[in-house]
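Enquirer: Sequence:
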Amino acid sequence: MHELSIAYNLVEIAHEAARSAGALRVNAVHLRLGALSGVVEDALRFSFPIAAVGTLVEGAALVIEPVAVQIYCDHCATSHTLTPPFVFRCPVCEQPVTRLLHGRELQIESIEIEETETELDRGVYATAHS
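In short: position in the sequence shown from 1, add 1208, done, that's the working numbering.
Simulated from the structure, these hints should not be mistaken for lab results. Built from N, CA and C at the ideal position, the CB exists for glycine as well.
Quick list of the computed label-pair ranges, beta carbon to beta carbon:
| # | residue 1 | residue 2 | range |
| --- | --- | --- | --- |
| 1 | Asn1235 | Pro1274 | 19 to 29 Å |
| 2 | Gly1267 | Val1300 | 39 to 49 Å |
| 3 | Asn1235 | Ile1258 | 10 to 20 Å |
All chains, full assembly: derive it from the sequences and hints.
Expert: Take a look at the structure:
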């Protein structure tokens, strides 16, 4: 199951980003996942909390945005979104399609972090200036 190694990589990236920002923890990792990425979404969802144990990512949500397969037909100069089963022919002219615009994504879109408290948040500023 290569999804576990992918989960470990996602956790490592999110943990390092949070640590670099001085964050307390990661609240969510937002991921774009293409239909042709070769990643089984359920297996990734199962693996993510396992990979996150003992890191700043532990307890974070994995938010997955599915990315549909989109092709471009050079013959009739149109783009189309495909649905399974994927047939890589233009639905307009039925010519074979060689350009895949979207569908292979495995991309971290954003990482939500919980930032550390500032002195203002803790009331230090109000106390010092009263």
